[in-house]
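Under the UniProt record's numbering, the residue at position 48 of the sequence shown is numbered 48, and the numbers go up by one with no gaps.
Some hints could be false.
Unchecked claim - Okay, the calculated beta carbon distance ranges per label pair:
#1 ARG21 with ASP72: 14 to 22 Å
#2 PRO105 with GLU73: 14 to 22 Å
#3 TRP95 with PRO27: 28 to 36 Å
#4 ALA46 with ILE15: 17 to 25 Å
#5 GLU33 with ILE109: 29 to 37 Å
#6 ALA46 with TRP91: 27 to 35 Å
#7 VAL39 with HIS9: 13 to 21 Å
#8 GLN88 with GLY48: 33 to 41 Å
#9 ALA46 with ARG86: 27 to 35 Å
#10 ASP76 with VAL32: 15 to 23 Å
#11 ASP25 with ARG86: 29 to 37 Å
Rather than coming from a laboratory, the hints here were simulated on the basis of the structure.
Heads up, the beta-carbon is just placed ideally off N, CA and C, and yes, glycines get one too.
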Amino acid sequence: MLVYSDDVHTREQVILALGRRPHPDLPELEYVEVATEPVVIQNMDAGGLALAILDGEAVPAGGMGIAKQLKDEILDCPPLVVLTGRPQDAWLATWSRADAAVPHPIDPIQLADAVVSLLRARVPA
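Take these sequences, add in the hints, and give me the full structure.
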């Protein structure tokens, strides 16, 4: 699973919120932490990722713009979760074609629910 944010604390919050195994039906998660857009694109182009969490508040490249680009350019793009600045920004995540949106501050239960539902659809039981 890829976790993108220019802020190391945001990446840490995501990883701590999800832990190694957010649900017993899923395999353990392995994280790829990324701080820049070019590395996000490189990792996503390489494939092998089940899901990506993109910080919509990252600078200079926000997660919503990256999500839109990934959905437009990658055939069978893995599910994308965008972290929005506030709950009211969920409509922007829809524009970006993200599969789910979770607002800052990160609520571990809400994030885990979004990730688990998206991973269950992709990971064989």
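Here is how each hint holds up against the structure:
1. ARG21 with ASP72: 14 to 22 Å: violated, 32 Å
2. PRO105 with GLU73: 14 to 22 Å: Violated, at about 31 Å.
3. TRP95 with PRO27: 28 to 36 Å: holds, 32 Å
4. ALA46 with ILE15: 17 to 25 Å: holds, 20 Å
5. GLU33 with ILE109: 29 to 37 Å: violated, 22 Å
6. ALA46 with TRP91: 27 to 35 Å: Hint holds: Cβ distance 31 Å, inside 27 to 35 Å.
7. VAL39 with HIS9: 13 to 21 Å: holds, 18 Å
8. GLN88 with GLY48: 33 to 41 Å: With a Cβ separation near 34 Å, GLN88 and GLY48 satisfy 33 to 41 Å, so the hint holds.
9. ALA46 with ARG86: 27 to 35 Å: Given a distance of about 33 Å, which is inside 27 to 35 Å, the answer is holds.
10. ASP76 with VAL32: 15 to 23 Å: Given range 15 to 23 Å: holds, Cβ gap about 19 Å.
11. ASP25 with ARG86: 29 to 37 Å: Given range 29 to 37 Å: holds, Cβ gap about 31 Å.
In summary, the structure is inconsistent with hints 1, 2 and 5 from the numbered list given earlier, while agreeing with the others.
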